[in-house]
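S.K.: What follows is each chain in one-letter form.
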Amino acid sequence: MKLKLFTFFMLCCISFGYAQTRKSKKKSKVVVTGTMGVSYENYGLTKNPTGWTGFSPRKPWNQVRFTLKPTITIGDLKMPFNFSFATLPTNFLGPYAGIGALGNQTFSQFLSNPLNNFSINPKYKWAELQLGTQYLNYSDLTTGDVGIFGAGIDLRPGGYLIKFFTGTSQQGINQSFSPVVVGAYKRTHWMAQLGKEKEDVYKFAITTASGKDHFGSVTSPPLFVSPQKGFVLSLLGKYKLDNGYYMEAETAQNFFSTNILSGPPLPGGVHSFNPFYTADASSLSDFAGTAAFGKKSKNFDIGFKTNYLGAGYYTMGYPYQQSDKLDLTVNTRFNIWKNSDKTFKTNVVASIGQRMNNYSNSILKQNMLIANLNCFTQFNNNWSLNVNYNNFGFQSTGVNPYSIRNISNDFGVNPTYSWSTTKMANLLSLSYNYSQYDDRDVFSGITTSNLTHTVFVTYVPTYFNKSITPDFSLLYFTNQLPTFKTTLVTASAGIGTPLFDKKINLKGQLQYTFIKNNVFTPNNNVVANCTIDWKITKELIWTNYFSTNFYKYGNESIPFDASYVETNYRTGLLYKFSTKKQ
Amino acid sequence: MKKSILFHIALLLLIAANGLAQTSTNLIVSPTPASSLSLWSLQKQTVVYLVTGNSAIQSEYKIKTEIQLTDGTVVGKTDLTRSRVYILKSGNTIYYADDVVPLDYMIFTGKYRVSLNTSGKLPSETYQICVSLVNTQDFAPIAPSKCKVFTIATPQLPVLIRPFKDQVLNETEAQSVITFKWTPLAPITQSIITYKVLVFEVLQGQTPMQALRSNMPILDQDVRSVTQYVWNPQGILNQNPADENGVVHQKKLIWTIQTYDNQNEQPFLDGGLTRDGLSEPVVFYVGTLKK
Numbered sequence: 013m014k015l016k017l018f019t020f021f022m023l024c025c026i027s028f029g030y031a032q033t034r035k036s037k038k039k040s041k042v043v044v045t046g047t048m049g050v051s052y053e054n055y056g057l058t059k060n061p062t063g064w065t066g067f068s069p070r071k072p073w074n075q076v077r078f079t080l081k082p083t084i085t086i087g088d089l090k091m092p093f094n095f096s097f098a099t100l101p102t103n104f105l106g107p108y109a110g111i112g113a114l115g116n117q118t119f120s121q122f123l124s125n126p127l128n129n130f131s132i133n134p135k136y137k138w139a140e141l142q143l144g145t146q147y148l149n150y151s152d153l154t155t156g157d158v159g160i161f162g163a164g165i166d167l168r169p170g171g172y173l174i175k176f177f178t179g180t181s182q183q184g185i186n187q188s189f190s191p192v193v194v195g196a197y198k199r200t201h202w203m204a205q206l207g208k209e210k211e212d213v214y215k216f217a218i219t220t221a222s223g224k225d226h227f228g229s230v231t232s233p234p235l236f237v238s239p240q241k242g243f244v245l246s247l248l249g250k251y252k253l254d255n256g257y258y259m260e261a262e263t264a265q266n267f268f269s270t271n272i273l274s275g276p277p278l279p280g281g282v283h284s285f286n287p288f289y290t291a292d293a294s295s296l297s298d299f300a301g302t303a304a305f306g307k308k309s310k311n312f313d314i315g316f317k318t319n320y321l322g323a324g325y326y327t328m329g330y331p332y333q334q335s336d337k338l339d340l341t342v343n344t345r346f347n348i349w350k351n352s353d354k355t356f357k358t359n360v361v362a363s364i365g366q367r368m369n370n371y372s373n374s375i376l377k378q379n380m381l382i383a384n385l386n387c388f389t390q391f392n393n394n395w396s397l398n399v400n401y402n403n404f405g406f407q408s409t410g411v412n413p414y415s416i417r418n419i420s421n422d423f424g425v426n427p428t429y430s431w432s433t434t435k436m437a438n439l440l441s442l443s444y445n446y447s448q449y450d451d452r453d454v455f456s457g458i459t460t461s462n463l464t465h466t467v468f469v470t471y472v473p474t475y476f477n478k479s480i481t482p483d484f485s486l487l488y489f490t491n492q493l494p495t496f497k498t499t500l501v502t503a504s505a506g507i508g509t510p511l512f513d514k515k516i517n518l519k520g521q522l523q524y525t526f527i528k529n530n531v532f533t534p535n536n537n538v539v540a541n542c543t544i545d546w547k548i549t550k551e552l553i554w555t556n557y558f559s560t561n562f563y564k565y566g567n568e569s570i571p572f573d574a575s576y577v578e579t580n581y582r583t584g585l586l587y588k589f590s591t592k593k594q
Numbered sequence: 389m390k391k392s393i394l395f396h397i398a399l400l401l402l403i404a405a406n407g408l409a410q411t412s413t414n415l416i417v418s419p420t421p422a423s424s425l426s427l428w429s430l431q432k433q434t435v436v437y438l439v440t441g442n443s444a445i446q447s448e449y450k451i452k453t454e455i456q457l458t459d460g461t462v463v464g465k466t467d468l469t470r471s472r473v474y475i476l477k478s479g480n481t482i483y484y485a486d487d488v489v490p491l492d493y494m495i496f497t498g499k500y501r502v503s504l505n506t507s508g509k510l511p512s513e514t515y516q517i518c519v520s521l522v523n524t525q526d527f528a529p530i531a532p533s534k535c536k537v538f539t540i541a542t543p544q545l546p547v548l549i550r551p552f553k554d555q556v557l558n559e560t561e562a563q564s565v566i567t568f569k570w571t572p573l574a575p576i577t578q579s580i581i582t583y584k585v586l587v588f589e590v591l592q593g594q595t596p597m598q599a600l601r602s603n604m605p606i607l608d609q610d611v612r613s614v615t616q617y618v619w620n621p622q623g624i625l626n627q628n629p630a631d632e633n634g635v636v637h638q639k640k641l642i643w644t645i646q647t648y649d650n651q652n653e654q655p656f657l658d659g660g661l662t663r664d665g666l667s668e669p670v671v672f673y674v675g676t677l678k679k
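Here the protein sequences come in this chain order: Y and R.
Residue numbers for the first sequence follow the working numbering, so the first one is 13 and each next one is one higher.
Residue numbers for the second sequence follow the working numbering, so the first one is 389 and each next one is one higher.
Hints are computed from structural coordinates only; laboratory data are not their basis.
Keep in mind it's a predicted model, so treat the numbers as computed, not measured.
Zero decoy hints are in this set.
No more than 27 Å apart at the CA atoms, straight line, and that leaves these computed lysine-lysine pairs for BS3-like:
#, chain 1, residue 1, chain 2, residue 2
1, Y, Lys-135, Y, Lys-250
2, R, Lys-553, Y, Lys-377
3, R, Lys-452, R, Lys-477
4, Y, Lys-137, Y, Lys-208
5, Y, Lys-308, R, Lys-553
6, R, Lys-432, Y, Lys-224
Just chain Y, same shape as in the assembly:
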């Protein structure tokens, strides 16, 4: 019922907006521009035999999404709104994981669920008010990944930076065994930044970010999650010279409690950092730093970057950031081999880096070497060639069972030939990729190789006198392990064409895949999909997407010859509006 009401409301809004646009095209001091839309997605899965558990749904059965993004402009005042939300919570990871199975969310949970955005950012010259859901990136070491529902300011008078924001990133969610919900404590944040910036020249800033879990926010506390709190303070500097040289650095110190219920601080333990952080028995404090310098120019770039995060460097603004690591990277880009018109035929991009994980740990330190090279050459109007090489090495120190050694080498070559006749242009592209992954077993000491070959051919004809745009491709893939071999062949054909005076765009694709594992009978897969976009008016577009996927297993799965059919249908109305005179 709610769903229908929402859909009806959005359709009314679209109609009203369309009418208003027509009326207000005459004269208006207030300008309203933006988009609004509603989309519906349906997913279906039919398995044979019924009840077979070998394949799980990959999308929600029904989902409705709404977007409303108007910007109201009155002279120098701009008020962008962003209301984007979905009716069905689909959270799989993070604090809201599984909440959909619990039934209806509370209103505050709905507002701060990362699935939804509700924000208004009124801006007048150098002053911006930030209200609602904001994903604010203050710096790489403080905060940037987490959406917070709250209020704040971003002021930039005369190049000075004054930023402050406070709000809630997650509400308290009770833990549940059935349905399984991990649960979460309510988490509140505040952050601030003071500094000076001249865009593309320099930036100096001092940043703080703080977050805290509220133990009393749940009646059934999460079993495997402790309430935490953290505070981080950073200094950031960036400078760019006229001749292309640049340098930037950030250093940060954190204070973090892994369990705020752990009692008073220990003698010799981490001290409080008043008034921002009060230490407890589980408090940690560590350091992180990043630095980069280099030179950028039209035909040559070189850069050096390092990134260190101490073993106890955690910040609530980047919850999945890996700590205890040191990264060193050198990268370059350059153009060589001049054409007669002084442009270059060849572009080379390369990087080499070393990463050390478990850096503080002398016994279990791991070294990773990562090297990438990509070289593209446009020989003439017909021929081009792309060559790439990637090497990845992973090794941990110590003796068995701690000594791990894996090496991956990938090499790819991709020539492309294009030619034209009086009626059509043609593009033929061939790609071959070789990949070898050596893995040493720490217990037996035996190294096994995992070999992959991929061959891929694409042909795209373009007709000068016809509006259809077909494409064809063929892929052969084989992956060989000591006791297992997978071979996969895919043939795909697509076609696109405008219809009804280009009001409708039609695209279709058919794809067949043959998969054979070891000596088992082959798996077969057919995918068909179609896109129909109808430009009803200049402002209103109706989009449709249909897809079906039939997969039939060989005799490697039980029961033999099991199969399934997936269907996916998406439809949506998108309306662009503007009261501005055309």
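Dock chain R against the given chain Y, drawing on the hints supplied.
M.R.: Here is chain R on its own, set in the frame of chain Y:
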């Protein structure tokens, strides 16, 4: 489940054995506990200390714990002047890590204190934990010390190798096959680890982290022991997103590995802030390669 049953059987046997003695104790310690000491209280099987009292004796006592190196050097011990007081009761009383290794009453020395201050973890080494009961006046022992050896090996969650950060995969090729590679959980154990390969589509208007925390995964595949998965997307990547102007963009995806313990019961708690066994995620794209 099996682990839990064995743990409870062992506990019952200990209770039965101790029922025959007077003020006796027993200690069970996981040989490879989590490196983060704060996790010990969440995983009950890490430390279990059983005290069996005699109803004829009613007295107060404290639990004295020492963490030693293999050569006997004490690196951490209970601050008995501040630690909790317990009343000896008849029958069996079970204590867990919160009481035996109470973080707020433990004093660590030297580099062990520094390591706990910076990371909350003990350095990777082999240790011995000795636990005894002492009286509250002069801390004289009232039950013999029980010791157990354990090894700390700070784990490193898998690091994602391929697709790497911001890699752009050829659209048509990726619609047929994408190979995911990652490093193993280190140190490697002889037990079987389950890696859950998770891929999320970043919808128009979403940030990658928003997609990870709110969307249903388009790939959710358990892989046991090996560190590679060959994915045939079966049409789920066959439509690239278009913006409000009809401009088609590269499909943006974010992937990660969720590591499960050897019983595949719960995500691997040790090794990350969020304690859900999630590796640092990586964003990659499917679309036309930009030369």
